[in-house]
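Trainee: Each chain is listed here by its residues.
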Amino acid sequence: MLDINELKRNVTTRLAFSSQDENTITTRKPAENTFVSKEKNSSQLAMIGPSIHFKGELTGEEGLIIDGSIEGTIDLKGNQLIVGENGNIKADVYAKTIKVNGILNGELHGVDKVHISQTGKVTGNIYSPKVVIEEGAKFKGSIDMTQKNNSSHHPENSSAENIKKQIHSK
Amino acid sequence: MSSLDYRALSNINAESALTFQPLLFSKYWNTLSDSEPVRILDLAAMQPSSIDFYSNSDVPCYLTIADSIGSLTSLEINEESSVDDVSEKLNHLIPSDNVAPYDIILFWECLNNIDADVMPLFQEKIKKVSHENTLLYGFLYTSNNSSGFPFNFKIQSELSFTCEEGAKLADNHKLINSYHLKKYFYDFDMSRSVLIRNGLQEFLMKRRA
Chain Y
1 MLDINELKRN VTTRLAFSSQ DENTITTRKP AENTFVSKEK NSSQLAMIGP
51 SIHFKGELTG EEGLIIDGSI EGTIDLKGNQ LIVGENGNIK ADVYAKTIKV
101 NGILNGELHG VDKVHISQTG KVTGNIYSPK VVIEEGAKFK GSIDMTQKNN
151 SSHHPENSSA ENIKKQIHSK
Chain R
171 MSSLDYRALS NINAESALTF QPLLFSKYWN TLSDSEPVRI LDLAAMQPSS
221 IDFYSNSDVP CYLTIADSIG SLTSLEINEE SSVDDVSEKL NHLIPSDNVA
271 PYDIILFWEC LNNIDADVMP LFQEKIKKVS HENTLLYGFL YTSNNSSGFP
321 FNFKIQSELS FTCEEGAKLA DNHKLINSYH LKKYFYDFDM SRSVLIRNGL
371 QEFLMKRRA
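Each protein sequence line maps, in turn, to chains Y and R. At position 156 of the first sequence (counting the first as 1) the number is 156 in my numbering, and the numbers step up by one without a gap. Offset between the second sequence (1-based) and my numbering: plus 170.
What the hints contain is simulated information worked out from the structure, not anything from laboratory work. Keep in mind that this is a model prediction, so the values were computed, not measured. Any given hint could be a false lead.
As the list claims (entries may be wrong) - A partial selection of chain Y residues facing chain R, derived with a Cβ cut-off under 10 angstroms:
no., residue
1, Leu45
2, Leu64
3, Gly68
4, Lys90
5, Thr123
6, Gly124
7, Ile126
8, Pro129
9, Val132
10, Phe139
11, Ser142
12, Met145
13, Thr146
14, Gln147
15, Lys148
What the hints assert, rightly or not - Restraint ranges, calculated between C-beta atoms of paired labels, are given here:
no., chain 1, residue 1, chain 2, residue 2, range
16, R, Glu258, Y, Gln44, 55 to 61 angstroms
17, Y, Ile52, R, Glu246, 46 to 52 angstroms
18, Y, His53, R, Leu345, 19 to 25 angstroms
19, Y, Asn105, R, Ala270, 19 to 25 angstroms
Backbone N, C-alpha and C define an ideal beta-carbon position, used for all residues, glycine too.
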């Protein structure tokens, strides 16, 4: 049974503000044996709850669910991002896979896949080799699927800068 | 096309959706390279299935979607709405400034909803966003045959589509055929057009060099 409050307490302890930049949140590296699979189910992901509002650069090396409001940039390297139904994001997003159930305004850079569910509302361009937009989803923008057959999606190559390079290399 | 041909091209599947073979879609699809990125402008409501189709293909593509049927239907030139007003709305719907031209423009069934007075402006817009050899691909309703429209199309593969009754053509929809297409898009040659089902016409045009 998933205790959402316990999960939030865990997230609070895992989030650490960078001392170099007050507008940067860095999630710590998970223990090596924490995640077996790259595609984690939502109960294994860190979570930013609906009461959290953040402005700045959000970076991390683990998957994340965002149900709050974020403004700025989100860089999850080779990890998964899920925007919950309450999530409201104004940011350029870089991740391995991105699923949007809430609102997202900004560019979506998904190394593997971008998925907008039927409750999702996205305004901005999508850069990803695979894109799914469910019936009922709202989307305004262009989709760049020019980076096909890219098999070298190692996390270390998946920072925002490398994702940009991979996607715009053509 | 006889009713026998119609039966040969379509059948009812388990979900009661009509499945048919678009004869020209595969021809258009075969022109695409799986190494060179293709710029596609998708006009009209077919996004989830077409995005899924392109997403699962090996063809690298840049897809721009303008869900245009509703917007195009509302465009009229009259006392309240001048040519400039309509041009501005078209610019908003299909931006052309600082946009690289598209290799393919998909019309599906939106052309029936464009007012004849608006069509020259629309044609100009299409010309602006195209280049030599740009392909126009889509469907038209050429008759009011009740078994011929309206449908929501879904691409299953380059060899088959399904369609379900759903979307309504606007009350003031225009029945047009390949003759009208050649007249409106005079910069394009009609590569082929096929009356694929009762009143439903598939077409493929290519811009002249």
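Trainee: Need the list of violated hint numbers for this structure, in ascending order.
Mentor: 1, 2, 3, 4, 5, 6, 16, 18
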